[in-house]
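Could you build all of it, start to finish, from the sequences and the hints given here?
Those protein sequence lines, which keep their order, are chains B and G.
For the first sequence, position 66 (counting from the first letter as 1) is numbered 66 according to the numbering used here, and the numbering increases by one without interruption.
For the second sequence, position 121 (counting from the first letter as 1) is numbered 121 according to the numbering used here, and the numbering increases by one without interruption.
Zero decoy hints are in this set.
EDC-like mimics (lysine to aspartate or glutamate), calculated; alpha carbons at most 20 Å apart, straight line: (1) 16(B) <-> 137(G); (2) 200(G) <-> 153(G); (3) 10(B) <-> 153(G); (4) 200(G) <-> 12(B); (5) 16(B) <-> 147(G); (6) 10(B) <-> 137(G); (7) 6(B) <-> 207(G).
What follows is a list of derived Cβ distance ranges for each label pair: (8) 12(B) <-> 91(G): 27 to 33 Å; (9) 38(B) <-> 82(G): 16 to 22 Å; (10) 75(G) <-> 64(B): 29 to 35 Å; (11) 33(B) <-> 144(G): 31 to 37 Å; (12) 208(G) <-> 38(B): 39 to 45 Å; (13) 72(B) <-> 82(G): 44 to 50 Å; (14) 157(G) <-> 38(B): 26 to 32 Å; (15) 67(B) <-> 109(G): 44 to 50 Å; (16) 12(B) <-> 37(G): 46 to 52 Å; (17) 134(G) <-> 34(B): 44 to 50 Å; (18) 78(G) <-> 59(B): 28 to 34 Å; (19) 179(G) <-> 42(B): 27 to 33 Å; (20) 70(B) <-> 63(G): 39 to 45 Å; (21) 208(G) <-> 21(B): 20 to 26 Å.
Calculated directly from the structure, the hints in this document are not laboratory data.
Ideal Cβ positions, reconstructed from N, Cα and C, are used throughout, including at glycine.
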Amino acid sequence: MKDSRKDLEKLERALKLAWSRRPPSPPSRRWRRSVMLHVARLNAAEQGSPGPSLFDSTLLRFAFVAGLTALALLAWAFPSDPSLQGTVVALILDDPVGLALFQPMGL
Amino acid sequence: MKQPVPSSTSTRERDDMSSSPEDLADEAVIAKVLEGHVNVFEVLLERYGGYVFSIVSRHVPRDRVEEVAHEAFVKAYQSLPGIKSPSAFKSWLAKIASRSCYEFWRERRRKPEDSITALSGDRQEWLDALLASRSHEDFRRECRRREAREVLDLALQQLCPEDRMVVACIHLEGMSVKETASLLGWSAVTVKVRAHRSRKRLRRFIETLLPQRDFSP
Chain B
1 MKDSRKDLEK LERALKLAWS RRPPSPPSRR WRRSVMLHVA RLNAAEQGSP
51 GPSLFDSTLL RFAFVAGLTA LALLAWAFPS DPSLQGTVVA LILDDPVGLA
101 LFQPMGL
Chain G
1 MKQPVPSSTS TRERDDMSSS PEDLADEAVI AKVLEGHVNV FEVLLERYGG
51 YVFSIVSRHV PRDRVEEVAH EAFVKAYQSL PGIKSPSAFK SWLAKIASRS
101 CYEFWRERRR KPEDSITALS GDRQEWLDAL LASRSHEDFR RECRRREARE
151 VLDLALQQLC PEDRMVVACI HLEGMSVKET ASLLGWSAVT VKVRAHRSRK
201 RLRRFIETLL PQRDFSP
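This is the structure in structure tokens:
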């Protein structure tokens, strides 16, 4: 009985020490960037804009414009295809559609 | 937070702008974030990221620390307009971090994934080695072993999220009832009752680990 009580105390003390001994891992730059991205999106959502994170790269903006131009040219070349024209119009006039198309690509 | 950045700035604001955000006090950083300079929030992340990680890593499994700390900072950002005393940002953030851990366990309770209910061979071995340790150094070495934390996690799993947080704050962190109540946003009476009840429950569970041993010489 006495041994058991001593063992219990020992075990409780060990568990308490184990609690204090867990070394915290330092936050990484990648983690900080992901939090800032989240915060920027929240801020953009509050202000009703698509957010700076999606279009903050010049290359991305260029790719977006180039893509739209290519689609416009295709629509012009094949005027009888209504679905193609519909896509172009949606992309140009309706930003959320553009976002929905580009966001899953990790852009 | 939603207010636009003013086009004309006062002398004091110009002075603030000229100094690097890293050099600003918490109050000034918070004021800037609330003015709409969202990127300045990163200063708080750099300043207190490690602190929040140290709180969170004690309460949640290692592989979930980043996720819960992320949540805590996002909540802090969203609650920033309501902060009463920006100079006490650190303790305010600690509360948010602790409550995020509590939320994590509540969520986990709703969707239990891998619940371990018994001691594995490694942990049983750890328990044997711990109880057999004679010297202080042996004891410390055993406490440092990974299994120690796993046995503790197993014991804490027996408690509901509320009791778990109370045990962690009072019995493991050594905080007072008042501090714990303030941290978790509960009344002191609730904390006291939970502390008493959960300690008894935890002790009962730990006791169940012991009879598995053979005490004969």
